[in-house]
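Chemist: Construct all of the structure, not just a fragment, from the sequences and the given hints.
The sequence shown: position 215 = 215 (our numbering), numbered continuously.
If you are wondering where the hints come from, they were derived from the structure by calculation, not from laboratory data. We put the beta carbon where it would ideally sit given N, CA and C, even for glycine. Don't take each hint at face value.
[As the list claims (entries may be wrong)] Have a look at the derived ranges for each label pair, beta carbon to beta carbon:
| no. | residue 1 | residue 2 | range |
| --- | --- | --- | --- |
| 1 | Lys-284 | Lys-217 | 23 to 33 Å |
| 2 | Glu-195 | Ser-259 | 54 to 64 Å |
| 3 | Leu-190 | Arg-38 | 58 to 68 Å |
| 4 | Asp-160 | Lys-83 | 26 to 36 Å |
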Amino acid sequence: MAACENPVQGLQKAAVCSICLEYFKDPVSIECGHNFCRACITQCCDESRRHFCCPHCRRRACKRDFRPNRELASMVELAKRFKLQEEVESGGGKGGCEKHQEPLKLFCDDDQSLICVVCDRSKEHRSHTVLPLEEAAQDYKEQIQSQLQTRKQERERLQDLKQASERTVEEYLENLDAKRKKMTSEFELLHQFLEEMEQCLLDQLDEMEMEIRQGQKESDIRFSEEISVLEGQIKEMEEKCEQSASEFLQNVKKILNRSKKEELHLPMEISQDLKEKLSSFDKKNFSLEKYLKKFKDSLMSELQEKDEAASLTIGVQTDQEFLCWQKDEILPNGVSTPNPQPVELVKFARARQKLTYGNSLKQHAELLGLSYQELLRAGVLPINSRLQRLAVLEKMTALKDGLSGFTSLMSFLPSPGTT
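Modeler: Printed below as a string of structure tokens:
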């Protein structure tokens, strides 16, 4: 039992192929993890099939999917040397030299075999390097120890590289996750902005629809009143025509005069202001289609561009911000306009890089890619709720981020002072 637990014997047993029962020659591993000589496992494969069964565990494995096992090959060489050392320490083997019946006390380095003193003088080994057993064993032991130390160092280095690789991959995965969350957040803001923009325009259409329906209701009432008056006159005239001549001529002049004096009160048509609002929505629909296309094209172009050093971008996270003020109020540069009103601040945009552009409104307009007039008009959005106007404006400008067509969508909202 103790002999079975000998590490050297265990090593030698592990270095034997289970097919040929000899030391591994060009060992390879298959999918299940078992190892065989390349020639042995190749003979076990059926050329007509894509898979074969492992001779050891009978699990299916892919044919020809053999992985060279260099570590096992090194272990086989080590097992051979341990076996040689055992033979040396045991006094040259059981029967000595089979040819000369002399003890095997020498080692031929060229043939890697034990020989006796007679073999050493023979023609076969005369030109070979021959060493005493102890000396040869010590020499190879030193070589093995050297390689063993090298292998341990390589193992430690590979373990360190593996850990570093795992940390790097983890960092990349965390970075990707952060980018995914950032992208999702940006698209959520974009969706929210578009929904608010859509709702804003739909609210205006709803208001105009209510105005049209209210006008239609008033017109129906007036039409009904006028029709009722005419029906009364028609009935009176029809009854008059059925009377005799003497009765007919009585008050006939009065009836005719009353009919001539009463004028029809026709309902008013749709107001000119409402017609202009309806017409303006045709332009808004055209502009909406135009600038949304421009926005999509700009977005695709922006995403496809390669990174450029020191490029100026506009976005939400910045260190520099400025304020847009309502028209006819105090401007950011301190210049007052006629009839100044209480100041109302609107956070409009920020620059991602710390750039100095001065404090004038025109300079900030250039920074955003807007015209001076567009920036002035964008001060307050007259939607139903004043706070909602400011919030929508802030989202619109915060989402710009270099897409010039996107900011042009602000023109779809009513100008200050309108309803």
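Chemist: If a hint holds in the structure, say so; if it doesn't, say that too.
Modeler: Structure-based check of each hint:
1. Lys-284 - Lys-217: 23 to 33 Å: The hint (23 to 33 Å, Cβ to Cβ) holds, given that Lys-284 and Lys-217 are roughly 27 Å apart.
2. Glu-195 - Ser-259: 54 to 64 Å: 59 Å Cβ-Cβ, so the 54 to 64 Å window holds.
3. Leu-190 - Arg-38: 58 to 68 Å: Since the Cβ atoms of Leu-190 and Arg-38 sit about 60 Å apart, the hinted range of 58 to 68 Å holds.
4. Asp-160 - Lys-83: 26 to 36 Å: Holds, since Asp-160 and Lys-83 (Cβ atoms, about 34 Å apart) stay within the stated range.
The structure meets every hint from the earlier list without exception.
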